[in-house]
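Student: Same order as they appear, the protein sequences are chains H and D. In terms of my numbering, the first sequence opens at residue 1 and continues consecutively. In terms of my numbering, the second sequence opens at residue 1 and continues consecutively.
Keep in mind the hints are simulated off the structure, nothing from the lab. Note that the structure is predicted; figures quoted are calculated from it, not measured. Please note: incorrect hints may appear among the correct ones.
Said to hold, decoys possible - Only some residues are given here: those of chain H computed to face chain D with a beta carbon under 8 Å:
1. ILE19
2. ALA20
3. PRO22
4. GLN23
5. THR26
6. ASN74
7. VAL76
8. ILE77
As the list claims (entries may be wrong) - With the C-beta cut set under 7 Å, the calculated list includes, among others, these residues of chain D facing chain H:
9. ALA102
10. ALA107
11. ARG110
12. LEU112
13. ARG119
For every residue, glycine included, the Cβ atom is placed at its ideal position computed from N, Cα and C.
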Amino acid sequence: MPPAETFSVLVEVRLRPGIADPQGATIERALPALGLNGIAGVRAGKAFRFDIVADDEAAALAQGTVVAERVLANPVIEESSVTVTGRAVG
Amino acid sequence: MAARVGVVMFPGTNCEHDVVHAIARLGGEAELVWHGDSSASGYDALILPGGFAHGDYLRPGAIARFSPVMEAVGKFAADGGPVVGICNGFQVLTEAGLLPGALQKNAGLRFLCATAAVRVETDRSVLTSGIAPGTVLSIPINHFEGNFTCDAETLALLRGEDRVVLRYVDNPNGSIDDIAGVCNPARNVVGLMPHPERASDPLTGSVDGAELLSSLLASALTAASEDVA
Chain H
1 MPPAETFSVL
11 VEVRLRPGIA
21 DPQGATIERA
31 LPALGLNGIA
41 GVRAGKAFRF
51 DIVADDEAAA
61 LAQGTVVAER
71 VLANPVIEES
81 SVTVTGRAVG
Chain D
1 MAARVGVVMF
11 PGTNCEHDVV
21 HAIARLGGEA
31 ELVWHGDSSA
41 SGYDALILPG
51 GFAHGDYLRP
61 GAIARFSPVM
71 EAVGKFAADG
81 GPVVGICNGF
91 QVLTEAGLLP
101 GALQKNAGLR
111 FLCATAAVRV
121 ETDRSVLTSG
131 IAPGTVLSIP
141 INHFEGNFTC
151 DAETLALLRG
161 EDRVVLRYVD
171 NPNGSIDDIA
181 GVCNPARNVV
191 GLMPHPERAS
201 DPLTGSVDGA
211 ELLSSLLASA
221 LTAASEDVA
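Next comes chain H alone, as it looks inside the complex (with noise of 0.2 Å):
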């Protein structure tokens, strides 16, 4: 068993396709008036950065996915991403 590490962990969650996002619609809306054209599908959502120490990086993922799908998103209208940025430093 190696010896346990601090892993950097980034959650991203947003609203599932198909659902309304009045905030990212507003969002894209007010571009066209900063000289901004051709953005379309602007979503808004939350991004989430937490360490997480554990025996390795799959753990540290799958502990991560815990967190993000049971607290961090609503299923009922959101998705989440996890991903491991690295180890974190000292």
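Chain D: place on chain H using the hints.
Tutor: For chain D alone, coordinates are given in the frame of chain H:
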């Protein structure tokens, strides 16, 4: 005999005293229950009032659902006890899985503070047992995340099982199928975005909300007497 109502208070709840006042005015006995309590026994009904439980951090109701009292609320509901979530309380009940669907940000992204006309769609719920379906009530709304949504399958179920308790006459927030309130399959857990406690005293311009709360008090006494029997 007066119905005893527990009014569950989280950090950030702000409508608890309005609810206590409205219940007392209707002859019930209301008492505050702190979210950190792990028991909610001794009551004939529970109300989760409006506000911003735990600051609405993460999502409305997302943290409140992990408060110790929620296990007791779940048990009370499973035993058939009447539970009503008003506004933020409705959001807490959906997050806790005691009611289906979710409350999203209002279409139009406006915080709404207005009086809404809502139609009672069924008298088969603890909150509407004494009201004829079709009755239109004038009740204040006060929310940013009141846009009820659910998947098509859930919506079909809610319609098919007559579980849409209240609908807006003029949909203010984008809620699917104009839904303002729903109940669980056993019909003893109801969530609604409008605030009946704010329409329970002639001083506030409407007493239509008192009809809902009176129904709840009557249901609470019925449930209590069935419990004894």
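Student: Does each hint fit the structure? Answer for all of them.
Tutor: Here is how each hint holds up against the structure:
Given the 8 Å rule on beta carbons, the hint for ILE19(H) holds: about 7 Å separates it from the nearest Cβ of chain D. Annotation: interface hint on ALA20(H) holds; nearest CB of chain D at approximately 7 Å, less than 8 Å. The beta carbon of PRO22(H) is positioned within 8 Å of a beta carbon in chain D (closest approach about 5 Å), and the interface hint is therefore held. Hint on GLN23(H) holds. Least Cβ distance to chain D is approximately 7 Å, under the 8 Å limit.
Because the closest C-beta pair between THR26(H) and chain D is about 6 Å apart, less than 8 Å, the hint holds. Evaluation of the ASN74(H) hint against chain D yields a held restraint, the C-beta minimum of about 6 Å falling below 8 Å. With its C-beta approaching chain D no nearer than about 4 Å, VAL76(H) sits inside the 8 Å limit, and its interface hint holds. Annotation: ILE77(H) was flagged as interfacial toward chain D, and the flag holds, the nearest CB pair being 5 Å apart, inside 8 Å.
Taking 7 Å as the C-beta cut-off, the interface hint given for ALA102(D) holds, the closest approach to chain H being about 4 Å. For ALA107(D), the shortest C-beta to C-beta distance to chain H is roughly 6 Å, which falls under 7 Å, so the interface hint holds. At a threshold of 7 Å, the smallest CB-CB gap from ARG110(D) to chain H is about 10 Å, leaving the interface hint violated. The closest approach between the C-beta of LEU112(D) and any C-beta of chain H is roughly 13 Å, which is over the 7 Å cut-off, so the hint fails.
Interface hint status for ARG119(D): violated, as the beta-carbon distance to the closest one in chain H is roughly 24 Å, over 7 Å.
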